[in-house]
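Start from the sequences, fold in the hints, and give me the full structure.
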Amino acid sequence: MAKAGEKSSSSWKKSLKRKAAVEEIQEAAGAGDGATESGVQPPKAAAFPPGFSISEIKNKQRRHLMFTRWKQQQRKEKLAAKKKLKKEREALGDKAPPKPVPKTIDNQRVYDETTVDPNDEEVAYDESTDEFASYFNKQTSPKILITTSDRPHGRTVRLCEQLSTVIPNSHVYYRRGLALKKIIPQCIAREFTDLIVINEDRKTPNGLILSHLPNGPTAHFKMSSVRLRKEIKRRGKDPTEHIPEIILNNFTTRLGHSIGRMFASLFPHNPQFIGRQVATFHNQRDYIFFRFHRYIFRSEKKVGIQELGPRFTLKLRSLQKGTFDSKYGEYEWVHKPREMDTSRRKFHL
Amino acid sequence: MAAAAARWNHVWVGTETGILKGVNLQRKQAANFTAGGQPRREEAVSALCWGTGGETQILVGCADRTVKHFSTEDGIFQGQRHCPGGEGIFRGLAQTDGTLITCVDSGILRVWHDNDKNTSSDPLLELRVGPGVCRMRQDPAHPHVVATGGKENALKMWDLQGSEEPVFRAKNVRNDWLDLRVPIWDQDIQFLPGSQKLVTCTGYHQVRVYDPASPQRRPVLETTYGEYPLTAMTLTPGGNSVIVGNTHGQLAEIDLRQGRLLGCLKGLAGSVRGLQCHPSKPLLASCGLDRVLRIHRIQNPRGLEHKDEPQEPQEPNKVPLEDTETDELWASLEAAAKRKLSDLEQTQGALQTRRRKKKRPGSTSP
Chain A
1 MAKAGEKSSS SWKKSLKRKA AVEEIQEAAG AGDGATESGV QPPKAAAFPP
51 GFSISEIKNK QRRHLMFTRW KQQQRKEKLA AKKKLKKERE ALGDKAPPKP
101 VPKTIDNQRV YDETTVDPND EEVAYDESTD EFASYFNKQT SPKILITTSD
151 RPHGRTVRLC EQLSTVIPNS HVYYRRGLAL KKIIPQCIAR EFTDLIVINE
201 DRKTPNGLIL SHLPNGPTAH FKMSSVRLRK EIKRRGKDPT EHIPEIILNN
251 FTTRLGHSIG RMFASLFPHN PQFIGRQVAT FHNQRDYIFF RFHRYIFRSE
301 KKVGIQELGP RFTLKLRSLQ KGTFDSKYGE YEWVHKPREM DTSRRKFHL
Chain B
350 MAAAAARWNH VWVGTETGIL KGVNLQRKQA ANFTAGGQPR REEAVSALCW
400 GTGGETQILV GCADRTVKHF STEDGIFQGQ RHCPGGEGIF RGLAQTDGTL
450 ITCVDSGILR VWHDNDKNTS SDPLLELRVG PGVCRMRQDP AHPHVVATGG
500 KENALKMWDL QGSEEPVFRA KNVRNDWLDL RVPIWDQDIQ FLPGSQKLVT
550 CTGYHQVRVY DPASPQRRPV LETTYGEYPL TAMTLTPGGN SVIVGNTHGQ
600 LAEIDLRQGR LLGCLKGLAG SVRGLQCHPS KPLLASCGLD RVLRIHRIQN
650 PRGLEHKDEP QEPQEPNKVP LEDTETDELW ASLEAAAKRK LSDLEQTQGA
700 LQTRRRKKKR PGSTSP
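For the protein sequence lines, the chains are A and B, in the order given. The opening position of the first sequence corresponds to residue 1 in the working numbering, with each subsequent residue numbered one higher. The opening position of the second sequence corresponds to residue 350 in the working numbering, with each subsequent residue numbered one higher.
Among these hints, one or two may not hold up.
[As the list claims (entries may be wrong)] Computed footprint of chain A on chain B, listed as stretches where at least three residues anywhere in the stretch have a Cβ under 8 angstroms from a Cβ of chain A:
#, segment
1, 401-414
2, 577-585
3, 613-621
4, 638-644
These aren't lab readings, by the way, just hints derived from the structure by calculation. Computed from a predicted structure; not experimentally measured. Using N, Cα and C, we set each Cβ at its ideal position, and we do this for glycine too.
Dropping the structure here:
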């Protein structure tokens, strides 16, 4: 039928849509068929029965057409409303009401009861006597052992090498299929303070175990989004031997404090910064983003940064008290997805 | 702390920094009590028990081998005594008609004359229980009977008024299907009321019931739960089941008549260190390394009742809940900030979980 032909040809030509609709309306107006046409433009279009919605049209192409037309109309109305609001704001000038703050998941975050109050003495005492206290009192300086899971592939090996340039006083060793429980006493005997194990799966690193050594907590992270140095665009030259500064962002809860302290104890504690390198651990929505930059102050307020070094994202899976013992160790915090991930606005770190 | 405040605390929790906390569940407040005024790690609480004479005195066993007496009426530490001998922390404390029973990690069980003036007296009785003790528990029905057990230290029941040999010595189960010896690691012991039976939970995720009255020295009933060491156990008010907790924070109720799993409780994120059921109401207080005290309702419906965050490393050792008269306002879920008053709100109970079945989530979650 000519009518069907017209319909099918117009359904994929956007500019002809309205025209075709008008023609159809004018054709069908004579037939008195009200339900198929839109009543938008022509004055003698058939009226729809009240309570009609586009989804009730059985013909898919027609329905799609009506929907796209509706969408375009909505967009137009929205744009017009925005323009109007903007004009009103300009007209009012200073007396305009403040702009409403958009809702984001971060500012809708459910208040966590374990958020540490800076004046809390119990937590302060706890932190001053925990396993990291000797580091923060500058009695011990860190010595890190970096290793991988057995038989690592190239990416993991390169990540380990790059990590050892980022973390001062760190040594990379090949894991010759040795059990961690046997490595740990040897590390303690050689005065290592931390052990990092990068776990690998299918040729990419995907996990990180960070164990503080004499008898400290062990954190197990899921690692994702690993970018080695050559994969980072617009990066600077390789990092030098200077000790980097650390930035720990947004570790507010008690658990976050513990993890933050664990990260801080990896780097030597020296407030005299030389070398303008900085390692950042930024926590947002329970994901910890690691970045390594070099900065330079161009003036009082302006800073230029160059990203060097590897970047990766970590998510905490468990924090175990004591050194690595996944079977018999006692866990301080375990991530349980079905219990803890029920709300999109609740975060634990 | 005021005396009145001390009296109304429903749950007492000991922490790793040496502070004894009394939690008032109605007002959702936690009050701290320290012996020396400042928290000290050397005074980490390792054992708690009620003193004799109703629930007015608490005995606090600390890591520096002192046992402190705390009066709940006055809210102050009344005295302490040093209990030397053996190595390790206290694994069990008990008090019975004027004597104090202590057991330490290395297996020295001593009975001391509980006289405040005479703090340097020698122990009345000393027993060597065997190294690696994890728990010593006193039989509430017969105060002179205690049971001990630990890592590679089988369950033994001792009568302190009797001979130096244990009354009941448990035997290890048969070798497993590979003909290997099954290791022993008794983490917690409870006496079942109404009979002579004992229940233990082990670090190899087994729950065993022993009956000294029967000629069988091996466990009468054995079940397993989970794949992680079970660290704490408590009896439910009904007397037919126990609730166990493991190092991953999973709590389960196990029926001892059949050895079946009745259901689980969720909410804990860290290793369970202390569990205590109310003697008559179906309420369970649990605390663990995640530093939160939680009260669960065990039945009708099963779910989280109240959560308290004292912000302290809770290596909690809890003491039985007090029986209080004012108990109408239990149904509330809002977690209170530490030391702040908050109004009770009537909110729905949270989730009910079963190990295999899944139910729809509740309206609020802690």
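Each hint, compared with the structure:
For the segment 401-414 of chain B, the proposed coverage by chain A is not satisfied: 0 residues have a C-beta within less than 8 angstroms of a C-beta in that chain, short of the threshold of three. Note: the segment 577-585 of chain B has 3 residues with beta-carbon separation from chain A under 8 angstroms; the three-residue rule is met and the coverage holds. A stretch counts as covered by a chain when three or more of its residues have a beta carbon under 8 angstroms from one of that chain; for the segment 613-621 of chain B and chain A the count is 5, and the coverage holds. Restraint check on the segment 638-644 of chain B versus chain A: 4 residues with Cβ-Cβ distances below 8 angstroms, three needed, restraint holds.
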